[in-house]
Amino acid sequence: MADIVTFTGVGKRFPHTESPALEDITLGIREGAITGVIGYSGAGKSTLVRLVNALEAPTEGSVVVDGQEITRLGDAGLRKVRADIGMIFQQFNLFSSRSVAGNVAYPLKLAGWDKAKRKARVEELLRFVGISEKANARVSQLSGGQKQRVGIARALATNPKILLADEATSALDPETTTEVLSLLKRINRELGTTILVITHEMHVVRSICHEVAVLEKGRLLEAGPVYDIFAHPRNEATRRFIASTIQDRPSTETVARLRARHGGRLITVSVAEGPSVPEASGSGAPVPDAAGPRSAVDVAEVLAKVGGVHAEVVYGSVTEIGERPLGSLTYVLRGEAGPVQAVVSELSQRTEVIDWEAAA
Amino acid sequence: MNWSDLQSVWLEDIGSTLYMVAITLVAGGILGLVIGLLLYATRRGNLLQNVVVFNVLNVIINIVRPIPFIIFLTLFGPLQKLIVGTTIGSSAATVPMIVMTGVLFGRLIEQNLVAVDPGVVEAARSMGAGRWRTLFGVVLPEALGPLILAYTFLFIAVVDMSAVAGYIGGGGLGDFAITYGYQQFDTKVTLIAVVTIIVIVQLAQLLGNWLAKRVMRR
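For the record, the sequence lines run as chains V and Y. Using my numbering, you'd call the opening residue of the first sequence number 2 and step up by one each time. Using my numbering, you'd call the opening residue of the second sequence number 222 and step up by one each time.
Chain Y on its own, in the form it takes in the complex (with noise of 0.2 angstroms):
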């Protein structure tokens, strides 16, 4: 196959990979916010500790993270059904992605929240501000620079996802770099992909450090 054929499959596939990065990093992150404050604020002697809530979700993470994310994909036939009512393409293919990107981020952010000083906290409290109050308007601001620089990261996992996905027919760059390049034994294909991901993962840090940075200089 020529390249000129070629050119706008790439550019769907380009498409399609972006597709599945913004609707993973939304829901994921917002999955992984709800995860991360929970796990910080029930963890003993926290804001809103609470010993079941905080175990079973330490539990469930410790469970779905170490599983490669080429097995979880395929463990996720029947709900994709249920939800996308197919297995196949790049709809179906953010519905693992998103909760293995919502455990992800849930850890990350526990971590930055949890590195937060506890005596800004009981300042906080000390003027009479409440829980909810204290987790929102001090703990998470307090923790913003380093939670941009971890959803940056979450960026460069979810486009890696994306690219996995395709092996399962999920659509996207990867799919390309499988289809044309790996089977048809040409290899340029295979780089032109590899170095189209490169680009968007440059860029996506470049813009998380920038803000990082912006918000950490205070």
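Just chain V, same shape as in the assembly (with noise of 0.2 angstroms):
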């Protein structure tokens, strides 16, 4: 599916700073996926993010949001795109001086529906998030999760096609963040809205996002499918933060620990499925091409294959990545030095393996 915004060498320069917030950005985020945008505190996510519904403005290159030059608006126009664009924040921003009903119906009111039609609109959205029973309860008796399942719902009160969500889950206990994250998954599936998610957790972006863009010091390292960015990351600040979340391969210290303990030659092969094609139905989920699926498997049949050597799993980490596998396995080969050779080798051919002996 074609994309809904389009940044076209996009740069941000705040006044008085001496380097840009973002540099030279180019990016399309897909219409109908959940695109996660990750980096550490100050690579410019949240700049990028303001960027669309045009809180910030570029002072360089172009934003076209569905199709419209988001720059070139006034402020009626902007007003107009911003109504199409709902926005969830980490500190949810929820107004205290109105109840849970009327922050949902604050943004009805601003584009103009009549009393009835807000509190029947109203009722839908509590309903949709599951917080019916707190519409007249105040802001300061909510909890976390409940705070920011009311700003969901004031964010899709006017059916947005975007929604941008600013570090959503950061300022929620880990239980509360899953809620909240299968909440933003149901609304992307069931309402087709666009999701624009910012984290800097690498496990929001792991268990909800499709696709993927990767900020650093206010560039783009890397953008594309999930599974793709974790699997076959292009750039060493991608690759640390993939090893926060998925530990994909032992660190030194317990590959020292693992040879103390084993002996023998120490392997790591890497269980992963090939570059993934995205799905010509525009689903979201994309689908392994012709190339894979690589795993583990690899091993057994090379074991054979060669014959005379002996390995055990001592180590590894698989976990699921947008339904497909991914991780780690390390092996401890035992045997006689030419046919372990030729079953590193042979693995080798066929999947990445790193050779601790070599790495040693």
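Worth double-checking, as some hints may not be accurate.
Simulated crosslink set (BS3-like; lysine-lysine; CA at most 30 angstroms straight-line) [what the hints assert, rightly or not]:
#1 V:Lys120 <-> V:Lys110
#2 V:Lys110 <-> V:Lys186
#3 Y:Lys434 <-> V:Lys120
#4 V:Lys120 <-> V:Lys81
#5 V:Lys116 <-> Y:Lys434
#6 V:Lys118 <-> V:Lys162
#7 V:Lys162 <-> V:Lys110
#8 V:Lys110 <-> Y:Lys434
Hints in this document: simulated from the structure, not taken from any laboratory. All figures in this text were calculated on a predicted structure; none of them were measured in a lab.
Each of the two chains sits in its own frame; use the hints to bring them together as a complex.
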């Protein structure tokens, strides 16, 4: 499916700052997908999504949202575009002067809905996010998770095509985070809303995103389907990010301990499928291409082929990313030097292998 | 002078104190609201950023506020003549009181509005709320509780001002205390005036606290 947001050569420089907040960003946001924008704090993530609803204006380049060049719009045009873009925040940003229902009704009021229609829509929204019973509660009486549900209901009120989530789960505990993430997933699936998620938490990307864009110091490092970026990161910073959420390979300390405990030849074999091809129907979930799947099954095959080598799994972790497995297994190989070497070279041809003898 | 003679003067002066306070609170309150909203909105990076307006207002406030009120009163002679036609009496005294109150309240409002979470403002903007709508529909309601407390504080400051205004012929309880207490060496009369002022102030504070609590209990 086509891109609903397109950044072309976008730069943003704030006055009185030395380095630009964003530099030469060219990126398309796929319509109907959940796209994660990740990076450490100060990477420019927040600035990037605020360009989408023009809370910030770029100093260079163009931002096209749903066919409209947003930088050329006047105040009135901007207000119209903004009504089509919902936004939720880390600190929820609810109006404490209004009740739960009043918060959700506010964007409808701005859009000029009459009272009866507003009431019906608010009820519907609160039911959708699962807090109907809190309609008349004051915001201060809600828990963090409930507050974010109100924030989501408010952001969805006018049926926006795009939902921007700025660190929407960063102030929540793990259990509530899971609930809010599955709510976002449901919104994407049931309402077809394009969602742009800013986060510094890789597990958020892992559990709900189809696409991911990695930012560092205002620059776009890489972008693409989540599985591809996770399985085949091209950039060192991306690799570090991934290591923070899935331990796809043992650390050097772990390798040293494994070596001391087991002896033999240590190799780490990655469990990953090939690059994905976006599905034509645009449901969001990418499918593996013909080259895949590659997996640890290879090891058994190779061992049988070479013969005389004993392999034992001593370390490993495999998780599911975008409904496909990703991770690594570490083996200790025992046997004559010749056959062991044959196994290692054969495996290296089939999949990504780290040979810890060579690395040491 | 015995109390039966003084009583009618006392009652009349309570009346003129309340009259000065009421007029000042309404007119000064409106003036303060305008100044406060302008200061908040024209601040750098805010809804109606305007360096010139902000700086002019800011400088005026910084000049006016430190002037002792009793001196400020005497500066207003010509202006009082122009507006009210005289420099004597309660109506004349309200002119400098309104100006000082507006400046004071303007600053108080600005401080309370600045304390409103910018995230809430951003949320309103992200929904497509215009600048004015954000200011009156979101920022002001969000700060309402503290603003009521500020207004209560203002009430008390205005009662204080009205007493000072009495010294230069403004009438009211201040005038009463000075004319019949201080100048007649009658401490009792001064005490009566003081107690009356304390009672008025206490009532105002109670009302303000109750209102603010109702608004903030949300």
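We went through each hint and held it up to the structure:
Between Lys120 of chain V and Lys110 of chain V the CA atoms are separated by roughly 11 angstroms; this keeps the pair inside 30 angstroms, and the hint holds. At roughly 27 angstroms between alpha-carbon atoms, Lys110 of chain V and Lys186 of chain V fall within 30 angstroms of each other, so this suggested pair holds. A threshold of 30 angstroms between alpha carbons decides the hint, and for Lys434 of chain Y with Lys120 of chain V the separation of about 28 angstroms falls inside it, so the pair holds. Taking the CA atoms of Lys120 of chain V and Lys81 of chain V, the gap is about 22 angstroms. The hint holds against a cut of 30 angstroms.
Taking the CA atoms of Lys116 of chain V and Lys434 of chain Y, the gap is near 29 angstroms; set against the 30 angstroms cutoff, the hint holds. Pair hint Lys118 of chain V plus Lys162 of chain V holds up; C-alpha atoms about 20 angstroms apart against a cutoff of 30 angstroms. Distance hint between Lys162 of chain V and Lys110 of chain V is fulfilled; the C-alpha atoms sit about 19 angstroms from each other, no more than 30 angstroms. With a CA separation close to 27 angstroms, the supplied pair Lys110 of chain V and Lys434 of chain Y stays within the 30 angstroms bound.
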